[in-house]
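Novice: Below are the chains, spelled out letter by letter.
Number of protein chains: 2
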Amino acid sequence: MLGLTLDPRSDESIVDQLTGALRDRIRERQLVAGERLPSSRALAAALGVHRNTVTTVYRCLVDEGWLESQVGRGTFVGEDLPEGEGAVESRFASGTSFDWSPWRTGHGPTPGDEMAEAYGTPQLADTISFAGGVPDPDLYPADEVRRLGRELLRGDDTLLFRYGPAAGYEPLRELLAAEAVRDGVVSGEHEVLITNGSSQGLDLFLRFATEPGRIGVATVPCYPGALHLFEVHGVRCRSVPIESNGLDLGQLEQALAGERPRFLHLIPRFQNPTGLTLSTLERQRVLALAARYRVPIFEDDYGPGLRFEGSEPPTLLALASSGGVIQSGTLSKIAFPGFRIGWLFVPRAIFGDLHEIKRCSDLGGSLFPQMVVYEFWRRGGLARHVKKVRREYGRRRDALLEALDREMPDEVRWSEPQGGLVLWLSLPEGLDSLELLPTAARAGVTYAPGAFFYPGGAGPAGLRMSFGGVPAERIAEGVRRLSVVLREASRTAGRRKARRSASDSSLAV
Amino acid sequence: MLGLTLDPRSDESIVDQLTGALRDRIRERQLVAGERLPSSRALAAALGVHRNTVTTVYRCLVDEGWLESQVGRGTFVGEDLPEGEGAVESRFASGTSFDWSPWRTGHGPTPGDEMAEAYGTPQLADTISFAGGVPDPDLYPADEVRRLGRELLRGDDTLLFRYGPAAGYEPLRELLAAEAVRDGVVSGEHEVLITNGSSQGLDLFLRFATEPGRIGVATVPCYPGALHLFEVHGVRCRSVPIESNGLDLGQLEQALAGERPRFLHLIPRFQNPTGLTLSTLERQRVLALAARYRVPIFEDDYGPGLRFEGSEPPTLLALASSGGVIQSGTLSKIAFPGFRIGWLFVPRAIFGDLHEIKRCSDLGGSLFPQMVVYEFWRRGGLARHVKKVRREYGRRRDALLEALDREMPDEVRWSEPQGGLVLWLSLPEGLDSLELLPTAARAGVTYAPGAFFYPGGAGPAGLRMSFGGVPAERIAEGVRRLSVVLREASRTAGRRKARRSASDSSLAV
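Sequences listed follow chains A and B, in order. Per our numbering, the very first residue in the first sequence carries number 827; after that it's consecutive. Per our numbering, the very first residue in the second sequence carries number 827; after that it's consecutive.
Bear in mind the hints are in silico, worked out from the structure with no lab data behind them. There may be inaccurate statements among the hints.
Any copy will do: because identical chains look the same in the list, a pair fits if it lies in one copy or spans two.
Derived pair list, reagent style SDA-like, types lysine to any residue, alpha-carbon separation capped at 25 Å [unchecked claim]: (1) Lys1323 / Arg877; (2) Lys1214 / Glu1228; (3) Lys1214 / Asp983; (4) Lys1214 / Arg980; (5) Lys1323 / Asp1236; (6) Lys1214 / Ala992; (7) Lys1323 / Thr845; (8) Lys1214 / Ala951; (9) Lys1214 / Leu985; (10) Lys1323 / Gly1285; (11) Lys1214 / Asp982; (12) Lys1213 / Leu985; (13) Lys1214 / Arg853; (14) Lys1213 / Arg1064; (15) Lys1214 / Gly846.
Nothing here was measured: the structure is a model prediction, and the numbers come from that model.
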C-alpha cells in the first residue's frame, strides 16, 4: 500500500520510519494535495502493524502541517506544504494546483481499501488464508476452457471483435433464460441482462432505484461489496440482524415500516458472510412483509449448485408472485471470476430502464468471455464442474467444522453452512478480529475480520472463514494456528479485564 | 424492435397492423403494466414508417385504455386492461402486480433506443451505411489477434481466470503510462485506470463529479453517448455551439460563468459528430477560461493516430498546467470495439476516488481481452495497424469529400475533417434528417440523423456521415443515393413553402 515497506530490524522505530516515508512521498509529490490517505485501520492491516502506530503517525503529520484531518471524511494531504519545506520539483509540480475538494460530493465513495488491503497483508510463504471468499483457482476447469477459447479463436466469427448487444451475448442470455423458465422464475430472455459480475448487477439496480439520502434495508453482517455500493450511492442503511436462529423478522418489519425504503437486499442462500440459508417458511414471511410495505427485494443468489446437503428452498424470485423481486446471479463463485460473468433476472416492467443504464454506462461487456462461457455451459462442462467443486467444497467444509470442534476454545461459536464457501466465527467479548489480524498473519493464518461486514465497521466480535480456497489437508493446521492466536488473545483480554475491574474497585473505595 | 414486423403488401393498413400487434403483445403480457414503450420516433425509424403513423397508433391505444401517456416521460402500458379484455393467462399473469412506477426517479434513464434502433432500421441487402461511427470490421487485425489469443490460452497463466486488479491489467497500465509519460501528460501508471470502453470512463467521472440537478457544459452537436450519460446522471446541460469556424468562445464563457458547472466536456480532436479539430490557440483559450472559472475539463480523446494530414495540436491534458483535466482514451475506434478497452488518465488527487467507484461497481473488467491487447501493442502490432487504418480511412475521407463535391445540391455544406471517422453535413432549412431516414433507407443509404447529437433531439438540420465503415469504391454510390433523396426532399419542401406563403397571402387579403 502506497509502496511503503517497513524494516522491523532497523534502528529507527516503526513510527519514525513510517512518518519519514510519508513525508518523502508528499515531498516527491507521489502523494498530492487533497489526496485521501488510507484509513489507519487499512494501512495498519496492510503493513502488519498495530492501528495505534498509524494513528500516531497521522496525528504527528497533521501537527506538522503535512496532512489535514477532516472529521468523518478521513485524512488528506494538505493543500500547502509546511513552511520551509520545498517540494521536490518535477514536471508535475505545477500540475496539482486544481482544487478538487469541492468535487467530492457528500455521498462520494468510501475507501474500500480496508478490505482490499487486508487481503494484501504481507504474508509468510506458508500462510493459510481463510480470507477471500473466492473459489480455489487450482480447481478451475482451466484446460477445458483454454481449449474452448482456442477453438473459438480458430473460427472466423468476427463477433468477438465487434460491439456486442448491451444486454449481453444472445445465446448466453437464451441459455440462462431456458434454465430460469424451467424453474418458473422468468418468462424469457427478455428478462435476462448479462452484467460484468454480480457487482454490476447490484450497481445497475441501485442506479435505477435509489438516490443519495434514500433508505435501503440489508442484513448485518452483510456482504461488503454491497455495503460499499450502498455508500457509493449515498444510501442510508437500516440493518436487520441475521444470526444462527435466522433473520430477525420483528426488526425486519420495523425496518420496512416508516419512511419507505427503496429496496431490501438479501442473500437467502449461504448468506455471505454467515453461510446461513433462509428456510422456505422464512422466505415466505419475508415476501409477505415486503409485499405489505411495498418494498422491492434485491436477491443476491451467488450460490446455485453449491449445496452439500439438505433440500434447496425455492429462491425468493421463484416464490414471489408480485413481480417485486430482482435477482442477481454469477459464475464467479463456481469458476473463473476473472471472466466477470454475472446476470440479472429483471421484472419485465423495468427491464428497459436497467438495460438503458447498462448501455449508457459501458455499451455492454466484452463478448469473448461470454462466448467461451456459453460453449462451456452448453456442452455440459459447467454442470460437470459444479458437481466437482460441490464435492470438494463439501469436503473442505467438513474438514473445517471438524477442526473447529477439536481446536477452538469453548467461548468461540460458528455457523454450520449447508453449502457455499464461507462460515462465521463468533468470538468472545473483548476480542477484536481486525486488531488481531496482524498477529494472526504473523502466525501464518488469515481471515476476513468481522468489521468488514458491518456498516461503518462497527459490529460485534466475529470473523468470516472461507473454506473455499484452502485444500482440505491444510485446514486443520490453519485452524490450529488461529486457535493459538485466539487463546492467547483471550488470556490477554482476561488479564486486562481483571486489571480494569481491580482498578474500578480501587476507585470505588 | 419489440419483435414487430409489418407487411406492406397486406390488405390491412400499416396503422391497423401495428395497433393489432401492440394489443396482442399486451394481452400476451409480452408488454406488461408500467412498461415504457419506445418513443414514436424510435419505433418509426425501426419499422421504417413515418413517425405520424406511430403517434396515431399510440393515441388510438391510449384512447382505448391499453396505453397511458405521461407528459414529458413517454408512453407506458396501462395498469389495467380495457374492460372486457381478459389477459391471456400465463404463469406470469400474477407476476406483474408490483407497481414499479414510484421507483423511476426523476433523473432516470431516457430511452436511448432512438439511437440504437435507427441503426437497426430494416435495410436493403446492398444498403450503404454511413450511420455507425465505428471502425470497419473488415480491417480488424483479426488473424494476428486470434493468434495472440491462442498463444495466451496455450500458456499456463491462470491470471486470466482470476479476479484481476480493479484498475486493470498491470502491464497494460504500465505500457499506457510509458507512452503518456513520454508525452508529458501523466507521471506514471498510478494515474492510469483501465475502463470498460471510454463510455465507462465518462460514467465514472460523472459518478464522481456530479449529482442530479447539477450543471455540465458540453458542445452542440455532441457525441450521443455523452448526452445519454448526462441524462442518466440528471445533469442539466449548458450547450456551446461548435461549427466550422470553431468553438464559440463567447458562449463558452457564458456557460462557464454563473452557477458553477461541474465539468466541461470536450472532444478536441476530430470531434464527434462534426469531425472538427480545435487549434492549439483555441485549446489554450479554452484552458484559460476553464481555469478562470475553476471548472474541470473532461477530454474525450478517441482518435490518437487517426490524423490524415496537418500537424497534431497537443491534447488539453498535455497543455494544462492546473491538474484540472481528466482524459479518456479508447482502442474502439482503431480496432475490436468488442474487446471494450478504454482508459482514463486521472489527476493523482482524485485517482483513489475514481478507482474506488470502479472497484465497487464491477470489481474490474475481464482480464483476457486486456492481456491480448497488451501483447498486440507491445509487439508492435498496434502501431502497424494504426498506420494501415489511417491510410485507409484517409482514402475513404478523400473519396467522400470528392463525391460530396460532385453530387450534392448547392445548399448542402459539410465539414472537412483532418482525421477520424466522421464528418457533418448541414442541410438547408426545411429538411429534417430524422424524418428522411426511412426514405433514405428505402433508397439504400443510411446516416446518423442530426437530432441524435442535440440534447432533447432539437437541433438544426444536419446529419453525420461516417466514412469509416464504407469501402472507398462504394462511397460515390452512397453519396449519389443520398443526393437523390435530398434533392427530392428539397423540391417537396420548396413546394410546401410556396403553398404556405400562397395561403399566407390569401389570409392577408
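Novice: Would you pick out the hints that fail for this structure and give their numbers low to high?
Specialist: Checked against the structure, the hints that fail are numbers 6, 7, 8, 13, 14, 15, while the rest are satisfied.
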